[in-house]
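2 protein chains.
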Amino acid sequence: MNIIGYTESAQGTPFETVTAAGRAMQYPKATTEEIDKAVALAKSAFSSFRFATGIQKAAFLRAIAEEIESLGDELVKTVMAESGLPEGRVTGERGRTCSQLRLFASLVEEGSWVEAVIDHGDPGRQPVPRPDVRRMLVPLGPVVVFTASNFPLAFSTAGGDTASALAAGCPVIVKGHESHPATNELVARAIQRAAKRTDMPEGVFSSLNGDYETGKALVEHPDVAAVAFTGSHRGGKALFDLANRRPKPIPVFAEMGSINPIIIMPRYIRDKSAQLAAQLVGSVTLGAGQFCTNPGLILLPEAKAEDFIHAMKQALSEAAPQCMLNEKIFDAYLGAMRQLLGAGAVEEVFAPSENSSAAVRPTVAKTSAAAFVKNPMLHAEVFGPFTLLVTWRSEEELEALLKSLEGQLTATLFAEGEELLSHGDLLNSMRELAGRLIINGVPTGVEVCHAMQHGGPWPATTDSRFTSVGTGAIRRFARPLAFQNFPDELLPDELKEGNPLGIRRMVG
Amino acid sequence: MNIIGYTESAQGTPFETVTAAGRAMQYPKATTEEIDKAVALAKSAFSSFRFATGIQKAAFLRAIAEEIESLGDELVKTVMAESGLPEGRVTGERGRTCSQLRLFASLVEEGSWVEAVIDHGDPGRQPVPRPDVRRMLVPLGPVVVFTASNFPLAFSTAGGDTASALAAGCPVIVKGHESHPATNELVARAIQRAAKRTDMPEGVFSSLNGDYETGKALVEHPDVAAVAFTGSHRGGKALFDLANRRPKPIPVFAEMGSINPIIIMPRYIRDKSAQLAAQLVGSVTLGAGQFCTNPGLILLPEAKAEDFIHAMKQALSEAAPQCMLNEKIFDAYLGAMRQLLGAGAVEEVFAPSENSSAAVRPTVAKTSAAAFVKNPMLHAEVFGPFTLLVTWRSEEELEALLKSLEGQLTATLFAEGEELLSHGDLLNSMRELAGRLIINGVPTGVEVCHAMQHGGPWPATTDSRFTSVGTGAIRRFARPLAFQNFPDELLPDELKEGNPLGIRRMVG
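From first to last, the protein sequence lines stand for chains A and B. Each residue of the first sequence is one higher than the last, beginning at 1314 in our numbering. Each residue of the second sequence is one higher than the last, beginning at 1314 in our numbering.
These are calculated hints, taken from the structure and not from any lab test. Mixed in with the good hints, there may be bad ones.
If chains are identical, the list can't say which one is meant, so a pair holds when it fits in one copy or spans any two.
What the hints assert, rightly or not - Okay, derived cross-link-like pairs now, DSSO-like style, lysine-lysine, Cα gap no bigger than 30 Å in a straight line:
no. : residue 1 : residue 2
1   : K1550     : K1561
2   : K1550     : K1529
3   : K1585     : K1626
4   : K1356     : K1550
5   : K1617     : K1679
6   : K1529     : K1561
7   : K1716     : K1561
Just so you know, these numbers come straight off a predicted model, no measurement behind them.
Hey, can you work out the whole structure from these sequences and the hints?
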C-alpha cells in the first residue's frame, strides 16, 4: 500500500520488488494521481508544519520512535526476511534509528540549531541609520527521501534523512525501496500513527512505492523543495541532473559511495600485523561489506606486505559466510569484482571456492601503487565484502596514489607515536580527499553525533558542504531568513529580544 | 593587463569593453595559457594558503584595504570615468569595500567562523567504544569571482566575494568586468602588492580580462572549486549549467536579481502618503536604479492609490537626471521596459520626455493585481530607475499576487501599529518568497553585518541557503571536515582540547 497523508492507496499496477527472499510483483506502483496527491498534501502540511515549535516536532519524532519500538518482533522478522540481515544487526539498526529520531527531537526541542544571529540597529548612525537585522534558519519545503537498500531502517523510511527533514520542519515523501517494501509499509504506518496522535497536519508524511519513473516524477514535481538519496553513483547522479534541469532547480543530497582508503605505515604494520589484519577483515566483512564506509582500498608498504597478507588470509578464512541483501546486489557485486579483477595487473590474494547471494565469502585482491595510479578501473567501488590491497614502495609513490583518487567519504591512517607525528604532510593530503579523517580505527560504524561529517568531495556525495549523518544533517533542509526592523511581537521566538526559548545566539 | 600571481601578462588580442565613456578595444583577452597559468598558481597557492592562520589572512585582507585606500584620487577618478557614478557614491563604495575587507579580517582573526564542534570519545562505551570526533570548516579550493558592473568596487575585484573567499582560505581568480577594466587593473595591482607584502603564496590572487568564453573556460577548469557571480539571470543560469555539467560539478553562487516587492497597507498609505512616496522614489532612483535590491514592484491598495501616485509624481518630477553605467545597460533598460509596457493592461504613470544613457530619468507604470497575476511578462526585472505599481482591492487578491511571484531577494511591508500586528498571515506568505523581510524600510542599502541574508529562492539566486553579503558569505567557500581519534598534536588549533585560539565551540 502507498501511505498518503492519513489514507492508504493502491491504485497502480504492481512493480518488481527484489528482496532477500527473491523477486515478486506484489506492490502497486504509485500512479501520477497518487504522486500529485502526496505532494499536494505535503505542500499544504508545510504551511503549518513549518511553524511547528521545537517541542511539537520533538513530540512527533519521539512518537515515531515509540511506534517503531512497539512494532516489536514483527518489524525485526520482516526486516530479516526482506534484507537477509541477521537479528543482531536488525535490532541494533532499530536502536540506532530510534536514537537518531530522539537525538533530532532533543536538537529541535533545545532550539539552537536555527543559528540565530542578531545585529542590533543604530538609529543615530551617520550617514544612514543602521537597521536591526536578525537571521535564523527556516525550513525549505517538502523533501523527497529515497530509501537505502543497505540500511532498511536507519537510512530508510524513518531513517536519518526523514528524521532530519522532519526536525527542520519539512514534510517528507518517502520513495520506498524495492528491496524492503514490507518493512517500508510497517514503518510508514508507524509514522502515520505518530503523526495522528501528535496532531500533525495531514501530509506531513507520505510513502510511495515505485521504480525509477516514480522517483523521477517526485524529483521533477514543482512543489518538491529538496531530495535526499543514499545509493549508487548512477542513481545519485541521475537525480542530481534531473533536479538541476528543473525550471526551478532544487538541491539533491546524494551519498553515492566511496572506497575509503586505508593507509598503513611501516612501523605500525610491523608491530601490529595480526591485530590490524583482524580489525580490517572485520570492517571489510561487516554487514557482508554492504556499507558505504566499507574499506575497499588498503595501502600498505610493500616491504611489510607479506606478513600482513598472511595474517589477513588467516582472518579471512575464519570469516563466516553471510547473506547479501538480495540477488540483484550479489550479481552487481560479482560483476564489479570481475571487472576490477580483469583490469590487468591485479592478483587475487584470497577468493572463496564457492559464493552465493545467501552465503557470500570475502574476496581480496592485490596490485601495485604504480599499476593502481595508471588504471582508473581499479578505483571503482565494489559494493560487497571485497577489498583491494595496494603496495607502495616510497612515500612519494603513496602521495601520488592519494592524488590520483577521487573524493571519498573517509580516509584512514594507521600509525603511532613518532611515525604518526612525523606524517603531517600525509594527513594534509588526506584532508583534500575526504569528509572524515580517521586515525587507527575503521571507517565503518559511523557515529551519530554532533561533530560527525558523513559526506565528502564529489563523487562521494553531490555536496561536500553537508552531512547526512549526525545532527548537522538538519542543515540540508533549511535556509537562512533575515528579518529587518521587525517589532518584537512579530519576530519568531528564536529572534525575540528577550530570548524566550533560551537558545544560543550570536549577537553582533 | 592580466595580473597572474606576481606577474603581469598580456598575450591575447583585445576584446570589447563597454564603459560609461563608450566602447573600446584596448584590453587583451586572457589566452588559454594565461587561464591555465592562473589556475595552476591558484592550485599551488592553495596547498599552503589553506593552512594560513586567521592572523595571517587578516593581515592580508587589511593590507588590501590599505593598498586600495592608498590609490587615493586616481581610483575614484577611474571608477567615475568608467561607471558614470558620482563621486559621493564612489567614495562611499570604496569605504564599504574596505570595511568589508576589514570585517572579514576581524572574523577570521577571531576564528569562531569555522563552526568547531567537539564530541568527546568514550572508550568504555558498550557494545563499541565511542570515538572522539571533532569537526570544523575547511576551505574548498580556488574560487572564480565574476565581478559586477553595478558595484565596480564593493562587488568586484576586491569586493564581498573576493574578501569572503580569501577569508575562508581560498585563492581567488577574478574575471574582470568589461565595464570597468581600468578599475579592475588598479585594484588587482593593489591586491597583488598586498599579497607580496604580507608574504602570501604566489597565485593567491589573479585577475583575468575577457568575455564569456574566458568565464566558461574558468568555470570548466578541473582545478576550480567554486564560482561567485552577481549579474543577470541569463549569465548566472549559464554558469550554473556549465558547473553542473562538469565531470565533477562545483557550486555556483549566482545572485541574479529580483523585483523586490513592496507591500503597502491602507492605513499606512493614508497617513503617510507623501513621506512614503518620497522614500520609495529615493530607493527606486538610487544609483539610477541599478541595484539588485531596487524596488521594482509596489503593491498598493486601489482605494488609496490616487493620492499616493500624485505624491509620487511630485517626487519623481524632482528627481535629477542620472548617468547609467554604460550604453549597453541603458539599451537593455529601454528594451526591458518596452517589453513590460507592451505586455498589455499597463499604463504609464510617469515617463520622462527625454532619456539617455548620460541623463536617465525614472519611469513608473501601473497595472491591476488581476492583470499582474495573469501575465508573467509583468514579473520581469527592469534593471534601472523603473517601478511597477500594482493596485489590489482585497487581501485575497494581495495573497494571490504574492503566490504568483517567483523567488526574491527581499520583500517589504509598510504598516504600523494594529494594522501591522494583525498581518501575521501576510508576513508568513512573504517568508516563502524571499531571503530578507523588511518592515517600514527600503530594500536598497544592504547592511554588511553578521545577520544579513542576501540571497533568496530561485531565481533570485542559485542557492537560497547562502548569502553573498555579510560575514555569512564566508560559509559558501568552506566545507566541514571531521577528525576522528586524532592525537591532540595533530589536530588543527581550532579543535585542540585546550582551545588555544579561544574560539566559540560547541561541545556535544
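Item to check | Indices of hints not satisfied (ascending) | outcome: No numbers; nothing is violated.
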